[in-house]
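Could you build all of it, start to finish, from the sequences and the hints given here?
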Amino acid sequence: MSDQSTVFTRLPETDDEREDPERATREEVLDFWTERFGVPPETFDGYTFWERGAGKLWLYQGSPPSPVDIEGLGMTVLRTRQEHWKPTLEAVQRFGEHASKNVIHLDEDAARAFVAGEDQELDWDGDWGYLVVTHDLAGEAEPVGVGLYVYGELRSQVPKGRRREV
Amino acid sequence: MEPLDRYRPIIDDFEAFTDACERPLPSAVRVNSIKATVERVRTALTEADIAYDPVDWHDGLFVLPEDSPGANWPYFHGWIHGQEEVSVIPATVLDPQPGERVWDACAAPGSKTTQLAALMDDTGEVVATDNNLGRISALRTNTERLGATTVAVTHEDGRNHSLKPFGGEGYDRALVDVPCSCEGTIRKNPDTLEDWTLSHVEGISGVQKGILKRAVEVTEPGGTVVYSTCTFAPEENEAVLDYVLGEVDCEIVEYDLPLDHAPGITEWQDETYDPSVTNAKRIYPHHNDTGGFFCAKLEVPAE
Chain G
35 MSDQSTVFTR LPETDDERED PERATREEVL DFWTERFGVP PETFDGYTFW
85 ERGAGKLWLY QGSPPSPVDI EGLGMTVLRT RQEHWKPTLE AVQRFGEHAS
135 KNVIHLDEDA ARAFVAGEDQ ELDWDGDWGY LVVTHDLAGE AEPVGVGLYV
185 YGELRSQVPK GRRREV
Chain A
5 MEPLDRYRPI IDDFEAFTDA CERPLPSAVR VNSIKATVER VRTALTEADI
55 AYDPVDWHDG LFVLPEDSPG ANWPYFHGWI HGQEEVSVIP ATVLDPQPGE
105 RVWDACAAPG SKTTQLAALM DDTGEVVATD NNLGRISALR TNTERLGATT
155 VAVTHEDGRN HSLKPFGGEG YDRALVDVPC SCEGTIRKNP DTLEDWTLSH
205 VEGISGVQKG ILKRAVEVTE PGGTVVYSTC TFAPEENEAV LDYVLGEVDC
255 EIVEYDLPLD HAPGITEWQD ETYDPSVTNA KRIYPHHNDT GGFFCAKLEV
305 PAE
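Heads up: the sequence lines are chains G and A, in that order.
Under the numbering used here, the residues of the first sequence are numbered 35 to 200, in order.
Under the numbering used here, the residues of the second sequence are numbered 5 to 307, in order.
The hints are simulated quantities; they were obtained by calculation from the structure and are not laboratory data.
Heads up, some of the hints might be wrong.
Listed below are several chain G residues computed to face chain A (Cβ distance under 8 angstroms; list not exhaustive) [to be verified]:
| hint | residue |
| --- | --- |
| 1 | Leu93 |
| 2 | Gly106 |
| 3 | Leu107 |
| 4 | Met109 |
| 5 | Glu124 |
| 6 | Glu199 |
| 7 | Val200 |
Lysine-lysine pairs mimicking DSS-like chemistry, simulated, CA-CA at most 30 angstroms apart [claimed, not checked]:
| hint | chain 1 | residue 1 | chain 2 | residue 2 |
| --- | --- | --- | --- | --- |
| 8 | G | Lys194 | G | Lys135 |
| 9 | G | Lys90 | A | Lys168 |
| 10 | G | Lys194 | G | Lys90 |
| 11 | G | Lys194 | A | Lys192 |
| 12 | A | Lys213 | A | Lys192 |
| 13 | A | Lys168 | A | Lys217 |
Here a beta-carbon is modelled for each residue, glycine too, at the ideal position from N, C-alpha and C.
Here is the structure:
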């Protein structure tokens with residue numbers, strides 16, 4: 035018997051096709067990116083979405099038969115099965131350029147603190163919750179990761195293994 | 005250095021060779037075109053005050069004479085990846101095209117895997133296999149940081165690679181950059197020869213033969229396979245090619261490489277190899293001031 039934690043199951047397209055009531059659908063994933071960050075749904079044309087374990091979604095370009103029991107399938111994109119879905123740093127770095135809302139831009143010092151994993155008090159007029167964090171690099175605003183804004187504070191969500199003193 | 009003495013008969017200018025092996029090798033980085041352009045990487049390195057030198061044969065490579073890649077903005081964004089100059093060769097020789105299906109038979113830690121994905125504009129599919137879970141973890145970390153969405157990772161021995169998870173489909177191309185005795189990495193890891201034994205070389209040669217054979221088997225007619233090592237030992241290079249020529253239907257073909265090199269050898273000690281192994285290339289450290297490398301291009305005949 036295979037270990038369920040290594041099995042990838044393709045997301046159903048819509049609610050009609052859903053067998054596991056807790057599993058996200060592709061439609062819900064696209065809605066999440068649109069509603070939360072203004073990322074147009076066509077950004078994900080050509081990609082398939084997969085769930086591995088409980089709630090962790092992956093994005094891939096191919097379409098192997100589902101379920102598939104392997105070690106990795108594209109990149110992690112979103113944590114679901116919790117009240118507030120949480121995008122991954124990697125998904126934000128790759129697709130965050132399409133975000134038009136809930137994007138917070140940091141200056142150089144704040145960006146350094148953010149990637150070092152530090153929480154910082156910052157002014158932010160928008161919604162609380164998960165934000166796309168950007169800073170200037172090579173002449174453009176570049177998405178760098180995910181922050182959680184609550185109680186006047188931007189909490190760095192950079193995973194421990196990814197934190198750097200740049 | 006003692007194990008390298010056995011190569012005196014096959015290396016021109018052996019003194020220059022051993023001198024080069026004793027010089028440390030500076031770090032190099034490859035531009036990850038999935039996330040950035042060469043121009044933006046240049047700008048970001050300059051902004052970060054990191055000195056970089058161009059590499060004449062590849063415009064997406066930079067040598068960092070003073071720094072190691074790691075703690076800087078372009079690295080954090082996955083715009084660059086630490087990868088030695090010679091390590092960039094096999095994926096460029098394989099030359100995968102957008103939309104193709106490619107197998108990376110010994111993929112971890114993923115430098116070449118992600119380079120394949122980038123060469124394909126991150127379209128198609130790269131199946132990346134490794135037999136070591138710890139190294140697979142490093143591979144996963146690298147594919148994530150570099151933003152590759154086309155890499156599927158399997159944990160298995162490349163000799164027994166299964167096509168089942170992907171519906172049984174074969175590959176357009178395969179990269180076989182096998183585990184080896186790593187003699188050519190001595191400039192980066194000066195103690196790499198400390199544990200050198202002939203029995204290890206001969207043992208690992210058997211593994212290499214099995215993986216290359218499997219790669220030819222799972223590549224569709226008309227497809228391409230590239231075999232590479234970072235070692236000088238003919239037992240792990242020409243002998244592996246010679247074995248596979250006798251086992252499965254394939255040929256070793258000529259290819260261009262804009263780096264100085266020597267041809268594969270047809271005689272080693274008491275062994276002789278198929279004449280077509282001269283189409284393979286031996287890259288010695290004194291040739292281009294790089295690490296050592298071996299690379300061969302194979303074609304599977306069209307039906």
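These are the hints, each one checked on the structure:
A cut of 8 angstroms between beta carbons decides the hint on G/Leu93: the least distance to chain A is about 6 angstroms, and the hint holds. Taken as an interface hint, G/Gly106 checks out: its beta carbon lies about 3 angstroms from the nearest beta carbon of chain A, inside 8 angstroms. At about 5 angstroms, the closest approach between the beta carbon of G/Leu107 and any beta carbon in chain A falls short of 8 angstroms, and the interface hint on this residue holds. About 5 angstroms separates the beta-carbon of G/Met109 from the nearest beta-carbon of chain A, less than 8 angstroms, and the hint is met.
For the restraint placing G/Glu124 at the interface with chain A, the shortest Cβ-Cβ distance is roughly 5 angstroms, inside the 8 angstroms limit, so the hint holds. At a threshold of 8 angstroms, the smallest CB-CB gap from G/Glu199 to chain A is about 6 angstroms, leaving the interface hint in force. Taking 8 angstroms as the C-beta contact cut-off toward chain A, the hint placing G/Val200 at the interface holds, the least distance being around 5 angstroms. For the proposed pair G/Lys194 and G/Lys135, the alpha carbon gap of about 26 angstroms is at most 30 angstroms, so the pair holds.
For the suggested pair G/Lys90 and A/Lys168, the alpha carbons sit about 24 angstroms apart, so the restraint of at most 30 angstroms is met. A distance of roughly 18 angstroms separates the Cα atoms of G/Lys194 and G/Lys90; the hinted pair therefore holds under the 30 angstroms criterion. Between G/Lys194 and A/Lys192 the alpha-carbon distance is near 28 angstroms, which keeps this suggested pair within the 30 angstroms criterion. As the CA atoms of A/Lys213 and A/Lys192 are separated by approximately 26 angstroms, the hinted pair is consistent with the 30 angstroms bound.
At most 30 angstroms may separate the alpha-carbon atoms for a hinted pair to count; A/Lys168 and A/Lys217 meet this at roughly 18 angstroms.
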